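Engineer: Model the placement of chain B on the given structure of chain A, informed by the hints.
Number of protein chains: 2
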Amino acid sequence: MFSKNLIKYSKSLHLKKNRFANHQFIVEGEKIVKEFIQSDNQQIFKLFAVQKFIEANLAIIKKKKIDVIEVSLTELAQISALNSPNEAVAIVKMQSHDINYNTININGALYLDNLQDPGNLGTIIRTADWFGFKEVLCSPNSVDVYNPKVIQATMGAILRVNVNYIEFLDLEANIKKTSPNFPIFGAVLNGNSIFKTNLKPGLIVIGNESQGISKHIVNHITFPITIPAQKNNGTESLNAACATAIICSEFFKHQNLI
Amino acid sequence: MFSKNLIKYSKSLHLKKNRFANHQFIVEGEKIVKEFIQSDNQQIFKLFAVQKFIEANLAIIKKKKIDVIEVSLTELAQISALNSPNEAVAIVKMQSHDINYNTININGALYLDNLQDPGNLGTIIRTADWFGFKEVLCSPNSVDVYNPKVIQATMGAILRVNVNYIEFLDLEANIKKTSPNFPIFGAVLNGNSIFKTNLKPGLIVIGNESQGISKHIVNHITFPITIPAQKNNGTESLNAACATAIICSEFFKHQNLI
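Protein sequence lines, in the order shown, are assigned to chains A and B.
Note that the working numbering has the first sequence beginning at 1, numbered continuously upward.
Note that the working numbering has the second sequence beginning at 1, numbered continuously upward.
The shape of chain A in the complex, shown without the other chains (with noise of 0.2 Å):
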């Protein structure tokens, strides 16, 4: 039943602390509840949906014995966090996955310090995900991956993409302990033309949306790297989840000698 203590918990969601309190988070849209649904790793709590959307995934929820409530656009609209709900609402269980280091070793990482627009966030996501990054770690004072709007942006690669919160210097030890030498690329305003730098797996870190990457972790950067631009063309900088897809791509590139 759609009941008046379900629509307070759902919006409840919306805010950090009490996804955190809950251990569970909302995940909107036809598309993104659909993949979260016939995944075989995640738990469904509760499933609000419109009837289209019941009957076109019967199966699966029948299969998986998922607790659906049909409710009308307008209900939907009252749990959703978005502007548009779109014909589903799922919540969803946290799950905690380890950082893996190995993977880290041998492909690479991003590591966003301080991020916080949840697009920008979500975006990233998505872009590792194309490009077959991994892990993507976030500094603690970083834009919550469990926000809506940053599950919403991911179209559902954080279903693939394996993302955790980790001060810098305690990542950087980590990784340090089986790699001393790992390279720590930065993403700053005045550093090597990412176009003549030899991109081979480490670390990229990528800065806060106006103030770029924190000072305690400019010193630690090996590899300075900056996108190139036209001359005198008064844009200051890039966004940051298209300046992270440009490096993202360039590294791809490198990597798989094409």
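These are computed hints drawn from the structure, not numbers from a lab.
One should not assume that every hint holds.
Calculated lysine to aspartate or glutamate pairs in the DMTMM-like style (CA-CA distance at most 25 Å, straight line) [what the hints assert, rightly or not]: (1) B:177 / B:209; (2) A:231 / B:35; (3) A:149 / B:35; (4) A:134 / B:209; (5) B:231 / A:35; (6) A:31 / A:144; (7) B:17 / B:144; (8) A:149 / B:236; (9) B:149 / A:117; (10) A:134 / A:209; (11) A:65 / A:30; (12) B:16 / B:170; (13) B:134 / A:209; (14) A:196 / A:236; (15) A:31 / B:236; (16) A:149 / A:30; (17) A:149 / A:70; (18) B:253 / A:236; (19) A:52 / B:209; (20) A:215 / A:167; (21) A:93 / A:144; (22) A:34 / B:35; (23) B:149 / A:144; (24) B:200 / B:167.
Partial list, computed: chain B residues near chain A (C-beta under 7 Å) [claimed, not checked]: (25) 126; (26) 130; (27) 195; (28) 235.
Where chain B lies over chain A, by a calculated footprint (3+ residues, C-beta under 8 Å) [to be verified]: (29) 127 to 140; (30) 223 to 230.
Just so we're clear, the structure is a prediction, and the values are computed from it rather than from any experiment.
Backbone N, C-alpha and C fix where the C-beta goes; we use that ideal spot for every residue, glycine too.
Structural biologist: Quick look at chain B alone, frame taken from chain A:
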């Protein structure tokens, strides 16, 4: 005076039909409003700003005799179209700039087909400025460039990039009058690797966020290009603004031989 009528008028500009009826649009945020009032090419109808902003920009406000109204942050929130209003909102007169076919012929241009997300359009304009693409063309059904979220996401690049709306077939016909063999690149899912394509100046077509490039345009693409992905990654596509950033970066690299 911060009158009710003025609040009502300012808010009315959140809607496209009112922007075009009045030939005015709103610009928000400390940094970008500052760029607009400093620009010699912009006509400011009204400036709403907190005391701090006015003091910091008093010289230019006086020099240009800008009609400024001091407001509180709460008052600013009454007219703002953004979630977090920031120091200043300006009402600016729309200007029309013709498409510069000469620039297109020499440097190439972006064509955005049915792009819908305001953040994507703004971010693409910012990226275009970074890499020196001065002409951005949009299909008439794309999101309005004067949408406050678009202006915000350009981070000021809108002052330097010429954005126009035109049907693809009309644009193509105009270009081909002087350059019958002008290359038309299109970002598609099954094209040739962008990393292996000779990227000379041309028209670069980017499609809608979920549907890609329209059928009536696809047949006109002479160079279908694709951003390669890690095998078995699961993510079906990149965010449109990120894909455009990677494409612009590759074109920039080729044309600057770096």
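Engineer: It remains to establish, for every hint, whether it holds in the given structure.
Structural biologist: Each hint, compared with the structure:
| no. | hint | verdict |
| --- | --- | --- |
| 1 | B:177 / B:209 | violated, 31 Å |
| 2 | A:231 / B:35 | holds, 19 Å |
| 3 | A:149 / B:35 | violated, 30 Å |
| 4 | A:134 / B:209 | holds, 24 Å |
| 5 | B:231 / A:35 | holds, 19 Å |
| 6 | A:31 / A:144 | holds, 22 Å |
| 7 | B:17 / B:144 | holds, 10 Å |
| 8 | A:149 / B:236 | holds, 19 Å |
| 9 | B:149 / A:117 | holds, 14 Å |
| 10 | A:134 / A:209 | holds, 22 Å |
| 11 | A:65 / A:30 | holds, 19 Å |
| 12 | B:16 / B:170 | holds, 24 Å |
| 13 | B:134 / A:209 | holds, 24 Å |
| 14 | A:196 / A:236 | holds, 21 Å |
| 15 | A:31 / B:236 | holds, 12 Å |
| 16 | A:149 / A:30 | holds, 14 Å |
| 17 | A:149 / A:70 | holds, 23 Å |
| 18 | B:253 / A:236 | holds, 19 Å |
| 19 | A:52 / B:209 | holds, 23 Å |
| 20 | A:215 / A:167 | holds, 13 Å |
| 21 | A:93 / A:144 | holds, 15 Å |
| 22 | A:34 / B:35 | violated, 44 Å |
| 23 | B:149 / A:144 | holds, 23 Å |
| 24 | B:200 / B:167 | holds, 23 Å |
| 25 | 126 | holds, 6 Å |
| 26 | 130 | holds, 5 Å |
| 27 | 195 | holds, 5 Å |
| 28 | 235 | holds, 4 Å |
| 29 | 127 to 140 | holds (count 5) |
| 30 | 223 to 230 | holds (count 4) |
Comparing the model with each earlier hint shows violations of hints 1, 3, 22; every other hint is respected.
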